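Novice: Listed below, chain by chain, are the residues.
Protein chains: 4
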Amino acid sequence: MKDAPMDIGFIGLGNMGSAIAGNLLKAGNSVIVYNRTRARAEPLAQLGATIANCPADAARSGIVFTMVASDEALRDTVVSPRGVLSGLPPNGILINMSTVSLAVTRDLVTILRSKGHDFIAAPVFGRPDAAKAAKLFIPVAGPAKAVERVLPLLDAVGQKTVRFGEDPVHAAAVKISGNFMLQTAIEGLAEALALIRKHGVDPAQYLDFMTGSLFSAPLYKIYGEAIVERRYEPAGFALPLAVKDTRLAIAAADEVGVPLPLADLIRDRFLIALSRGWDHLDMAALGKVAAENAGLES
Amino acid sequence: MKDAPMDIGFIGLGNMGSAIAGNLLKAGNSVIVYNRTRARAEPLAQLGATIANCPADAARSGIVFTMVASDEALRDTVVSPRGVLSGLPPNGILINMSTVSLAVTRDLVTILRSKGHDFIAAPVFGRPDAAKAAKLFIPVAGPAKAVERVLPLLDAVGQKTVRFGEDPVHAAAVKISGNFMLQTAIEGLAEALALIRKHGVDPAQYLDFMTGSLFSAPLYKIYGEAIVERRYEPAGFALPLAVKDTRLAIAAADEVGVPLPLADLIRDRFLIALSRGWDHLDMAALGKVAAENAGLES
Amino acid sequence: MKDAPMDIGFIGLGNMGSAIAGNLLKAGNSVIVYNRTRARAEPLAQLGATIANCPADAARSGIVFTMVASDEALRDTVVSPRGVLSGLPPNGILINMSTVSLAVTRDLVTILRSKGHDFIAAPVFGRPDAAKAAKLFIPVAGPAKAVERVLPLLDAVGQKTVRFGEDPVHAAAVKISGNFMLQTAIEGLAEALALIRKHGVDPAQYLDFMTGSLFSAPLYKIYGEAIVERRYEPAGFALPLAVKDTRLAIAAADEVGVPLPLADLIRDRFLIALSRGWDHLDMAALGKVAAENAGLES
Amino acid sequence: MKDAPMDIGFIGLGNMGSAIAGNLLKAGNSVIVYNRTRARAEPLAQLGATIANCPADAARSGIVFTMVASDEALRDTVVSPRGVLSGLPPNGILINMSTVSLAVTRDLVTILRSKGHDFIAAPVFGRPDAAKAAKLFIPVAGPAKAVERVLPLLDAVGQKTVRFGEDPVHAAAVKISGNFMLQTAIEGLAEALALIRKHGVDPAQYLDFMTGSLFSAPLYKIYGEAIVERRYEPAGFALPLAVKDTRLAIAAADEVGVPLPLADLIRDRFLIALSRGWDHLDMAALGKVAAENAGLES
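Sequences listed follow chains A, B, C and D, in order. One point on numbering: in the numbering used here, the residue at position 38 of the first sequence is 38, and numbering is uninterrupted. One point on numbering: in the numbering used here, the residue at position 82 of the second sequence is 82, and numbering is uninterrupted. One point on numbering: in the numbering used here, the residue at position 261 of the third sequence is 261, and numbering is uninterrupted. One point on numbering: in the numbering used here, the residue at position 22 of the fourth sequence is 22, and numbering is uninterrupted.
The reader is advised that the hints may include incorrect statements.
With a straight-line Cα cutoff of 20 Å, these simulated PhoX-like cross-link-like pairs (lysine-lysine) come out [what the hints assert, rightly or not]:
(1) K221(A) <-> K221(B)
(2) K135(A) <-> K160(A)
(3) K244(B) <-> K135(B)
(4) K221(A) <-> K160(B)
(5) K145(D) <-> K160(C)
(6) K26(A) <-> K132(A)
(7) K160(D) <-> K221(C)
(8) K221(C) <-> K221(D)
(9) K135(D) <-> K115(D)
(10) K160(A) <-> K221(B)
(11) K26(C) <-> K132(C)
(12) K132(B) <-> K26(B)
(13) K198(D) <-> K135(D)
(14) K115(B) <-> K135(B)
(15) K160(C) <-> K135(C)
Only part of the chain C face toward chain A is listed, based on derived beta-carbon distances under 7 Å [unchecked claim]:
(16) D129
(17) D268
(18) L274
These are computed hints drawn from the structure, not numbers from a lab. These figures come from a predicted structure and were not determined experimentally. We put the CB at the ideal spot given by N, CA and C, even for glycine.
Please work from the sequences and hints to get the whole structure.
Specialist: See the structure below:
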């Protein structure tokens, strides 16, 4: 039996948000979208979406997604005068897909609960092309009944949804920790490739050997090739966003007393990159920092 | 056409060496084996190997493998009075599979060349079960004609052999750098899992999610499960050997002026583990250090 | 000519605050004091201070000092309903001696300025005994006229006041950076002493030699002896406060894109110490972490 | 009573060695000097020294100093065909002032002892001007009777000699550990000054404040001013020598299982500096690395 279509809102139409909202439309749902820059909503209107004038309007159906760029943006979207909270009808559900701090997640959970609403954290793993192909991986956490209700929506946009209990902070932590693991893999590649290059070994051949044996996860091929080819733009995920993620990991660790020396190291590398003016480069530019530090052409 | 069987020697019959020598025998070659502790050679004798009394005797066929535990052991095996050099006939070939430093590799290349012999570096990636199954991954480097000649032997013990040119130091560097990448992946897991546990997320579920999405390479499952289950013994690869590998990476980097901060960090973690008396634990015990440092039951 | 006595308020009577307020009294000033726990104000009342019932009352004279424990405490003290802002008469001056973040300093400067008041940052270097002896070192920054006016007060409590211009953030940065330097010196001692002990050299003799030659600054003697004698309590400056300082340094650095790897390292060491339950120990316990990591009795 | 003049040899006439040998001459001793580049011995000949043709000749008096640049140089000086060992008469004494590894110290102790000679480690703290002024600080260790005998010689070249027992390795460890502490202080300065500069505080004023309060040891003034003024040449102690010292600390720590994360960090910084081609700069150039990493003019 197919799931019944639903009336939903979607706020935040960057590359990821647009792709996800598009898939929600394709799955037959009625979607009202909002984006600060209205132009980004037009393509979705052509696919059948209604364009809202404010987050509040996007929230009136009672189920609303958020996919925005930062803690501040999410907080504004929810609590500002024409924000989600002012539009959500009783027993509303907010499904946050943005990567945000545990602190803001915790705050918004409390605020929504105090108004009788449910906050669900459903951050996503995957690049924009995976979002388009509805191939995202989604850890989800929130009140069980609310999560049950929105699972069909998550299934419409991802290839795998895994429930991490009722505390939204847990899903947010999974996302933050997963991004951190990805960055450690990139830094590992960056250093190993600098070492190999400085010894005169062909880095492409080395990478090919490694990804053809132990390091078979596609991420090693993707980021390794970027580093080997010194191809850091256009950025799939730019350094200023990447360092924001590292800071989220450090903050999440610090609040519970977990040392995370790899995160410290990576944050410092990102700061070095930004101090060089590399804001427009992809986070694979950890490879550029490692090469430069090794005295290699970077 | 099948490759013609060859007369070869094999020195060093630990878990890895015994498995590899066994596969060389199964492939139809005539193998004369040597191990310091003779008892370890007996099972191979039952498979048809001849037991030599010294490295020199194992080298008399003109093609000899070495798979020993350290720089010192390799140097002794080659240059001691009854060592390989004293037994190798003119135009001999030494195929070193041991993980050793670039420095000792360079020295032995020079020594063998000065006597008219060829040194081939053919270190192997894979655990003992992969060795038994002839599923090793082998980077190989050495004089082209010598490498050509021994390729059938390497094919008999591994699933993939990749040539890295004529300088044996290059294959040694590939091995050292690959081991380093593996250790960075384990440290990444160790820190991420400590973070997730301290936040009350089920680490097994987290690992399952991660290995089912971005981190699909088997190593993440193998080491991640060991950390999640706090199962650090019996050691597949014990800490004292692991720290030796990290030191090889640091030395290889230092000699060409490449900073390798991840290696520094991992070496320090291993030293901490050893200072706790954990010599008998597997290198996955990086997870134990991370947990302890986070105030978690380790 | 002696400076004319002034009417002032003083908020925050911990070890440092009480000593400083006492010296302001001894210098002939009329002081109205406030502390959340009133009992701590009594000894100063015996020296002639008046006890206020709220920060607002302590601020009515127009010049008020704050010496509190955290960003949150300072913000509360200033902006809460019965806070400094509600008591300060026109053209008031707030002299903050607390060690706080650049962010809260910046915020309060703006808030006070918007009400026509001056915010002066005058954090202090020195332990409680130096505070008692009026031997503090004080970097001060704020509007020139306001600073001129309060210089005699600062001279009454310290041995040296240095002006760092008109932006209070600059004096706050000097304090944060100075504390960071102190922590790096302690970590340097901790590691050097672990090294020396593990080699069987008498650490007391080593310390004596070092402090008698290159490392003549008293801090090396003070912290070095604590580490050598493994005397970490009673805490002169406890670990939870110390890690707060390290976080201030990391935040100050991060906001302007400065990598501070030493601070990262020290923060991680403090987190390890706290995870061991060492909250009651002095920050010299960096020596205990280093010893434990080296497998020494700690 | 004045100490009786002695017949001694001195090998290694760099800036430090020449100054020390000069003071030994001025104290009335008869000195036979040797340097690989003979020209460097001429000025001492003018002060009354005899010039030897090889280390062996310099050692014939039975008491010989060595002040050379590296492990390799020291080993050669002692064991090469015309080295110290071949010239030293029975019951000779070698006083090594060079900064060398614990490993080479241990080896030479054994070698000399096996020939009936005594090895004394007497490394020195101080820059060339301190050497000239006979103001060095000297940790000394070796067989008690031999040390007694040479104490007057050490007193003639330093302001303070402290005995660290009979094991020469201990004095070598004191030197290595002390150099490490010095480097940590410089790195602390480098990071703190980068932080302060990026916030727009005048670094000269900051340094002045710090060295006038907590950081009163002269080294903070010396290295701090170099960093503030970005004056890294001429090098008092050049980067290639500095990184050699860091490596000695890391090796000394590694052999006894002591993690030394500060040393790792500093070594990496030095490698970065060297990869920039800064071989001719002083080790204060840690400040240049920190500035560059912070995006400051360096």
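Novice: Return the numbers of the hints above that this structure violates; sort them in rising order.
Specialist: Hints 3, 5, 9, 13, 14 and 16 not satisfied by this model.
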